[in-house]
Amino acid sequence: MKLQDLHATIVFLLPLIAVLPRVVANLNSDKQSLLQFAASVPHLRKLNWDSALPICNTWIGITCNKDGTRVDAIHLSSVGLFGHIPANSIGKLDALKVLSLRANNLNGNLPYDILSILLSTLSTFNIITSLLIFLFLFLQELV
Numbered sequence: 001m002k003l004q005d006l007h008a009t010i011v012f013l014l015p016l017i018a019v020l021p022r023v024v025a026n027l028n029s030d031k032q033s034l035l036q037f038a039a040s041v042p043h044l045r046k047l048n049w050d051s052a053l054p055i056c057n058t059w060i061g062i063t064c065n066k067d068g069t070r071v072d073a074i075h076l077s078s079v080g081l082f083g084h085i086p087a088n089s090i091g092k093l094d095a096l097k098v099l100s101l102r103a104n105n106l107n108g109n110l111p112y113d114i115l116s117i118l119l120s121t122l123s124t125f126n127i128i129t130s131l132l133i134f135l136f137l138f139l140q141e142l143v
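Mapped onto this note's numbering, the consecutive letters of the sequence shown carry residue numbers 1 to 143.
These aren't lab readings, by the way, just hints derived from the structure by calculation. Here the structure is a predicted model, which means the values were calculated and not measured. Heads up, some of the hints might be wrong.
As the list claims (entries may be wrong) - Straight-line alpha carbon distances no greater than 20 Å define the calculated EDC-like cross-link-like pairs of lysine to aspartate or glutamate that follow:
(1) Lys92 / Asp72
(2) Lys92 / Asp113
(3) Lys46 / Asp67
(4) Lys66 / Asp94
(5) Lys31 / Asp67
(6) Lys31 / Asp50
(7) Lys97 / Asp67
(8) Lys31 / Asp113
(9) Lys97 / Asp72
(10) Lys31 / Asp94
(11) Lys66 / Asp113
To be verified - DEER-style ranges, computed between Cβ atoms:
(12) His75 / Asn107: 18 to 26 Å
(13) Asn109 / Gly68: 28 to 36 Å
(14) Ile60 / Asn28: 17 to 25 Å
(15) Gly61 / His84: 30 to 38 Å
(16) Pro54 / Val98: 15 to 23 Å
Backbone N, C-alpha and C define an ideal beta-carbon position, used for all residues, glycine too.
Please work from the sequences and hints to get the whole structure.
Pasting the structure below:
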């Protein structure tokens, strides 16, 4: 009987062990993308994003999905962001559903990777002031 219990436990845990590294890698890659964004885009207010702290509970403006495995929302309105958004930063957040960067001073072209997310996963793209200019400039380049 104990051998059957051990077998059942192994059968139950094996898929979890196989998935766990992938989940951790996704949240870690989200963290790295956000840190790259924060390092590349000047901001007047300190974001207090500490790589040693958990993203989902402590990072200002960051919300994770229900199971805490991916970043699904960025709310950085009025934090004094200025300059341009670099490619391969927040555009790597492929689980992102909400991106709110309104009331900042962002400029330049909208990176293609963000447009890709815009078309595939974002359910809310709230860019009333700053990124509206980005989108206009990007669409002008397509014409």
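We went through each hint and held it up to the structure:
For the suggested pair Lys92 and Asp72, the alpha carbons sit about 12 Å apart, so the restraint of at most 20 Å is met. Proximity of Lys92 to Asp113 is assessed by CA-CA distance (about 7 Å); at most 20 Å being required, the pair is judged to hold. For the hint pairing Lys46 with Asp67, the CA-to-CA distance comes to about 27 Å; that exceeds 20 Å, so the pair is violated. Among the hinted pairs, Lys66 with Asp94 is consistent with the structure: their alpha-carbon atoms are about 16 Å apart, no more than 20 Å.
For the given pair, Lys31 sits about 16 Å from Asp67 by alpha-carbon distance, which is consistent with the 20 Å threshold. Distance hint between Lys31 and Asp50 is fulfilled; the C-alpha atoms sit about 10 Å from each other, no more than 20 Å. At most 20 Å may separate the alpha-carbon atoms for a hinted pair to count; Lys97 and Asp67 meet this at roughly 15 Å. With a C-alpha separation of about 17 Å, the suggested pairing of Lys31 with Asp113 holds against the 20 Å cut-off.
Restraint check: the Cα-Cα separation between Lys97 and Asp72 comes to about 5 Å, which is no more than 20 Å; the hinted pair holds. Among the hinted pairs, Lys31 with Asp94 is consistent with the structure: their alpha-carbon atoms are about 12 Å apart, no more than 20 Å. For a cut-off of 20 Å, the pair hint linking Lys66 to Asp113 is broken: about 25 Å separates their Cα positions. Separation of His75 from Asn107 is about 20 Å and conforms to the stated range, judged on CB atoms against 18 to 26 Å.
Checked against the given bound of 28 to 36 Å, the beta carbons of Asn109 and Gly68, roughly 33 Å apart, stay inside it. The hinted range of 17 to 25 Å is satisfied by Ile60 and Asn28, whose Cβ atoms lie roughly 19 Å apart. A C-beta distance of roughly 19 Å is found between Gly61 and His84, which places it outside the suggested range of 30 to 38 Å. Restraint check, Pro54 to Val98: a C-beta distance of roughly 19 Å satisfies the suggested window 15 to 23 Å.
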